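Peer 1: As a plain string of letters, each chain reads:
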Amino acid sequence: MASTDISLHKDVHHDHEAHDDHDHHDQHFIFKYIFSQDHKVIAKQFLITGIIWAFIGGALSSIFRIQLGWPQATLEWLEPILGKWVEGGKLNPEFYLGLVTMHGTIMVFFVLTAGLSGTFSNFLIPLQIGARDMASGFLNMLSYWFFFLSSIVMFLSLFLETGPASAGWTIYPPLSALPQAIPGSGAGMTMWIVAMALFIVSSLLGSINYITTVINLRTPGMSMTKLPLTIWAFFLTAILGVLSFPVLFSCVLLLIFDRSFGTSFYLSEIYVAGEALANVGGSPILFQHLFWFLGHPEVYIVILPGFGIVSEIIATNARKPIFGYRAMIGSMLGISLLSFIVWAHHMFVSGMNPFLGSVFMFLTLIIAVPSAVKVFNWIATLWRGNIVFTVPMLFSIGFVSLFISGGLTGIILGNSALDIQVHNTYFVVAHFHLVMGSSAFFGMFAGVYHWFPKMFGRMMDEKLGYVHFWLTFIGVYMVFMPMHYVGIAGFPRRYYSWTSFDLFQSFANINMYISLAAIIAWLAQFIFAFNFIYSIFRGRRASANPWRSNTLEWTTPVLPGHGNWPGPIPVVYRWPYDYSKPGAEEDFIPQHIPYSQTQSSNLPHDKD
Amino acid sequence: MITIAILLVLALLAVVLYLLFRLQILSSVFRGTYAKRASTSNRVNATFFLAFLIIGGIAFFWSFADSMEDFMIPVASVHAVWIESMFWTTMAILGIVFVLTHILLFWYSYRYQYSADKKAYYYPHNNKLEVIWTIIPAVVMALLVFSGWKAWTKITNPAPADAVVVEIVGKQFNWLYRYPGKDNILGVAKHTLIDATNEMGIDLSDPKALDDIYFGAGDIHIPKGRPVLFRIRSRDVTHDVYQPNFRIQMHAVPGMPTKFWFVPTKTTAEMATETGNPDFKYEIVCNQICGRGHFAMRATLVVDEPEDYEKWLAEQKTFAEQNPDLLAKMQAKTTPVVTVEKKAEPVKEKAAL
Chain A
1 MASTDISLHK DVHHDHEAHD DHDHHDQHFI FKYIFSQDHK VIAKQFLITG IIWAFIGGAL
61 SSIFRIQLGW PQATLEWLEP ILGKWVEGGK LNPEFYLGLV TMHGTIMVFF VLTAGLSGTF
121 SNFLIPLQIG ARDMASGFLN MLSYWFFFLS SIVMFLSLFL ETGPASAGWT IYPPLSALPQ
181 AIPGSGAGMT MWIVAMALFI VSSLLGSINY ITTVINLRTP GMSMTKLPLT IWAFFLTAIL
241 GVLSFPVLFS CVLLLIFDRS FGTSFYLSEI YVAGEALANV GGSPILFQHL FWFLGHPEVY
301 IVILPGFGIV SEIIATNARK PIFGYRAMIG SMLGISLLSF IVWAHHMFVS GMNPFLGSVF
361 MFLTLIIAVP SAVKVFNWIA TLWRGNIVFT VPMLFSIGFV SLFISGGLTG IILGNSALDI
421 QVHNTYFVVA HFHLVMGSSA FFGMFAGVYH WFPKMFGRMM DEKLGYVHFW LTFIGVYMVF
481 MPMHYVGIAG FPRRYYSWTS FDLFQSFANI NMYISLAAII AWLAQFIFAF NFIYSIFRGR
541 RASANPWRSN TLEWTTPVLP GHGNWPGPIP VVYRWPYDYS KPGAEEDFIP QHIPYSQTQS
601 SNLPHDKD
Chain E
1 MITIAILLVL ALLAVVLYLL FRLQILSSVF RGTYAKRAST SNRVNATFFL AFLIIGGIAF
61 FWSFADSMED FMIPVASVHA VWIESMFWTT MAILGIVFVL THILLFWYSY RYQYSADKKA
121 YYYPHNNKLE VIWTIIPAVV MALLVFSGWK AWTKITNPAP ADAVVVEIVG KQFNWLYRYP
181 GKDNILGVAK HTLIDATNEM GIDLSDPKAL DDIYFGAGDI HIPKGRPVLF RIRSRDVTHD
241 VYQPNFRIQM HAVPGMPTKF WFVPTKTTAE MATETGNPDF KYEIVCNQIC GRGHFAMRAT
301 LVVDEPEDYE KWLAEQKTFA EQNPDLLAKM QAKTTPVVTV EKKAEPVKEK AAL
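Chain order of the listed sequences is A and E.
Every letter in the first sequence is one number past the one before it in the UniProt record's numbering, and letter 70, counting from 1, is 70.
Every letter in the second sequence is one number past the one before it in the UniProt record's numbering, and letter 328, counting from 1, is 328.
Rather than coming from a laboratory, the hints here were simulated on the basis of the structure.
Keep in mind it's a predicted model, so treat the numbers as computed, not measured.
The C-beta atom is built at its ideal place from N, Cα and C for all residues, glycine as well.
Among these hints, one or two may not hold up.
Derived list of chain A stretches under chain E, where covered just means 3 residues or more per stretch with a C-beta under 8 Å from a C-beta of chain E [said to hold, decoys possible]: (1) 186-199; (2) 473-487.
With a cut-off of at most 27 Å between alpha-carbon atoms, the simulated BS3-like pairs for lysine-lysine come out as follows [said to hold, decoys possible]: (3) E:K118 - E:K36; (4) E:K259 - E:K224; (5) E:K190 - E:K329; (6) E:K119 - A:K607; (7) A:K463 - A:K44; (8) E:K36 - E:K208; (9) E:K36 - A:K463; (10) E:K317 - E:K190; (11) E:K190 - A:K226; (12) E:K259 - E:K329; (13) E:K208 - E:K190; (14) A:K463 - E:K329; (15) E:K119 - E:K190; (16) E:K208 - E:K329; (17) E:K311 - E:K208; (18) A:K607 - E:K317; (19) E:K118 - A:K463; (20) E:K224 - A:K226; (21) A:K44 - A:K32.
Chain A with its partners taken away, still in its complex shape:
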């Protein structure tokens, strides 16, 4: 039995002699935990930074939800935190836009890109493909520290006197290029661009490493068609990142030129703050094309890791092979490919040629097909399973539900004619918060709960996990479902207050309800924070393979040391989804068990 083999090595992480070919034994604290080149430590660094960012991002949204939910309230009690941004008991409207902008930036890039890919690609790629570490530990370390630097710059920009960047997370020029138009486009925007440039460097270093590692360092027997779906997802995510982030870089580079060196890439015929600018011939639409060329793949960068994590967890906990393994890979390939040719559906009414709108509507709606295939496969995996509701499993089922609910409305938004009605309204906000925001968060939670035992050698508390899941799941639906309603009526996003419009007078109650639900859902995350921190130190000790899972990371000791496996790297003989195979003794057969040891369960074509 595999699991007994493993438990022999339980204490190997204390035993430096066991590392034959690695000589980083008596590392100084600084090199072991801070400037570490070990993928597992780097993963934890990304995770913890991501969690901190998530709380900040959530706090920002709670502040602007207070403004939207109780527009008449005086906010003097927030003065100790917000200082001069509360003017006479009211939130400054420009700071409101800053909050919205920073919430978006933080959540999309710092939490759901770096926090999600950074954590799980780093942690799982070497462990699941059977490698001692990433292809380049040094680049990997640099990747985190560029992210850290980027985080510092972005965080500091929150405290500028002129406020953080406030042109929306999509930073459309001219607004983002002209400090005369909004103060946040001064130093705040400069710091935003600097932080994002560092972020892009970090993302590229990470992605190149992930791709190289997956291609080159797979253990013998681990062919591409035996890879766990997590690895396929991280691999494709990294490819999307490598191809699209440089475009964002060039996009903001041109913005820097416009802002600081008097060029006119995005600016033309502008009269602002009592002055006609000299810029002529630029096009704000050019920016939007460049931005969304990253921006759309970016939403798949956010959601693909979730696809992988959820597929893995659903199979493990339903005790069933993932249904349609190859269809799952195919649909991820299809989605990745299509993600590059749908960007202009964000721009149907931006003034671009309507013919382009037709083309992009067609391409956009195609992407619904592979997405639907994935959903059907997940549901089919549950069918006739033997489902253990671990906390990660709850979050995975929640993920599928949110992905359906949010994904479906994408079919409305991808239709250019219907987009005329709902573009930039709360319908869009509801759509993407469900399909990429909440879903990706659920994927992340699922991943943290599932791989926590491998990260920290202890289990997170289940009961707290249940409470966390149900509060979050219900909370998310209570927040985002009603947003569709106001969106259908045309309620615009990024509005500080709507009281000057007759059109939106009737939405006071619904806004208050959404705000209340949002704040409760945010507070529920502190249960997770407590559980996370408490369990690192005092959680129940984990066994080597607590979920009875097939993938290679569970063949390592409870706390894998540097190099991951104390002995030789296991060789892989089978795909990762041999759950409940008829004839097998147990309801799982790990990947490193040769067919010669499982004669009773082998199918006719199963040979080593």
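Chain A is already provided as a structure; the job is to place chain E on it using the hints.
Peer 2: This is chain E only, laid out in the frame that chain A set:
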């Protein structure tokens, strides 16, 4: 004092919760829950999913129906009716998928919960099923794309030649309007000519601008039943002309004129009757983040009966009449430039229309 009391209460609450948490752990240890593969919690969670499906489903449909009177705003243009019917047809299709997939997802979760004496069904793939559930969504998508494309093409086709032209210019943080006057052609406007009186930068040395009618505030008037073409510009940052009742929306982009045309079908008075709001006004919403006053960037629009519209239009004074000094100044200053501008203009007009 109150703050301290609140903090104290919160601290006590945290302690109580922590004790409960510890108690729960100890009782789990005592009952040996950890040793089991699936404890009572498994059944509880499975049941919760079923309950979530039923209660959540009912709550959703109730809240949807309940809010409907608020979010179903009356439509008032020809194409708005198409969009409206396509929207709800699409929603109905999506609704069916939404309900079915959720029933399956949560029912299977409940139905196939763990039991020690059964084994999951080893069923790794079925290509026939994959093909079926690839083709069905593909066909549905194709139908949706086709109907969307048909509507989109009709909506974005060039406006009829007899359309009433209104220019709308966005600026931080209000809207400016201009009618082309008798010649039905808007005169040249340049951002370099903008000042406090000439907010749009109308170039009065261009003869076509002489009959232009300009408004810096007040209602935009348009006739019912006739095509109306909005020529949209911005003079500073990107704005967005959005009118939910007409289902019209188009960004106002500095340096790149955009347009949107439609046929209004209900006068303001008719809408007042329909909505029961005697003060009803069509509102234009700025729907692209544009700065501090973004949320208050509102314009109002009045749809008149055609004859009332003509009457109203005839009463309006041109920009040149209202600003004789400016007219004199501009005509004196820039005569040589005018000829150049004139030559270029007709071509630009046609292309833009």
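Peer 1: Would you mind marking each hint as holding or not holding in the structure?
Peer 2: Hint-by-hint comparison with the structure:
Counting residues of the stretch 186-199 of chain A whose CB falls under 8 Å from any CB of chain E gives 0; the rule of at least 3 is not met. Against chain E, the stretch 473-487 of chain A contributes 7 residues with a C-beta closer than 8 Å to a partner C-beta. That satisfies the three-residue criterion, and the hint holds. Under the criterion of a C-alpha separation no larger than 27 Å, the hint pairing K118 (chain E) with K36 (chain E) is consistent with the structure, at around 15 Å. Between K259 (chain E) and K224 (chain E) the alpha-carbon distance is near 19 Å, which keeps this suggested pair within the 27 Å criterion.
Between K190 (chain E) and K329 (chain E) the alpha-carbon distance is near 16 Å, which keeps this suggested pair within the 27 Å criterion. Annotation: proposed proximity of K119 (chain E) to K607 (chain A) holds, straight-line Cα distance about 24 Å (limit 27 Å). Restraint check for K463 (chain A) and K44 (chain A): the C-alpha separation of about 24 Å stays at or below 27 Å, so the hint holds. About 86 Å separates the Cα atoms of K36 (chain E) and K208 (chain E), which puts this hinted pair outside 27 Å; it is violated.
The suggested pairing of K36 (chain E) with K463 (chain A) holds, with an alpha-carbon distance near 15 Å, which does not exceed 27 Å. For the proposed pair K317 (chain E) and K190 (chain E), the alpha carbon gap of about 21 Å is at most 27 Å, so the pair holds. For the given pair, K190 (chain E) sits about 64 Å from K226 (chain A) by alpha-carbon distance, which is inconsistent with the 27 Å threshold. Restraint check: the Cα-Cα separation between K259 (chain E) and K329 (chain E) comes to about 31 Å, which exceeds 27 Å; the hinted pair is violated.
With a C-alpha separation of about 14 Å, the suggested pairing of K208 (chain E) with K190 (chain E) holds against the 27 Å cut-off. Between K463 (chain A) and K329 (chain E), the direct Cα distance comes to roughly 80 Å. Violation of the 27 Å bound is thereby established for this hinted pair. Restraint check: the Cα-Cα separation between K119 (chain E) and K190 (chain E) comes to about 76 Å, which exceeds 27 Å; the hinted pair is violated. This hinted pair checks out: K208 (chain E) and K329 (chain E) have alpha carbons roughly 17 Å apart, not beyond 27 Å.
Our distance criterion of 27 Å between C-alpha atoms is met by K311 (chain E) and K208 (chain E), whose separation comes to about 22 Å. Distance restraint check for K607 (chain A) and K317 (chain E): the Cα-Cα separation of roughly 91 Å exceeds the 27 Å cut-off, and the hinted pair is therefore not satisfied. For the proposed pair K118 (chain E) and K463 (chain A), the alpha carbon gap of about 25 Å is at most 27 Å, so the pair holds. With a C-alpha separation of about 66 Å, the suggested pairing of K224 (chain E) with K226 (chain A) is violated against the 27 Å cut-off.
Annotation: proposed proximity of K44 (chain A) to K32 (chain A) holds, straight-line Cα distance about 12 Å (limit 27 Å).
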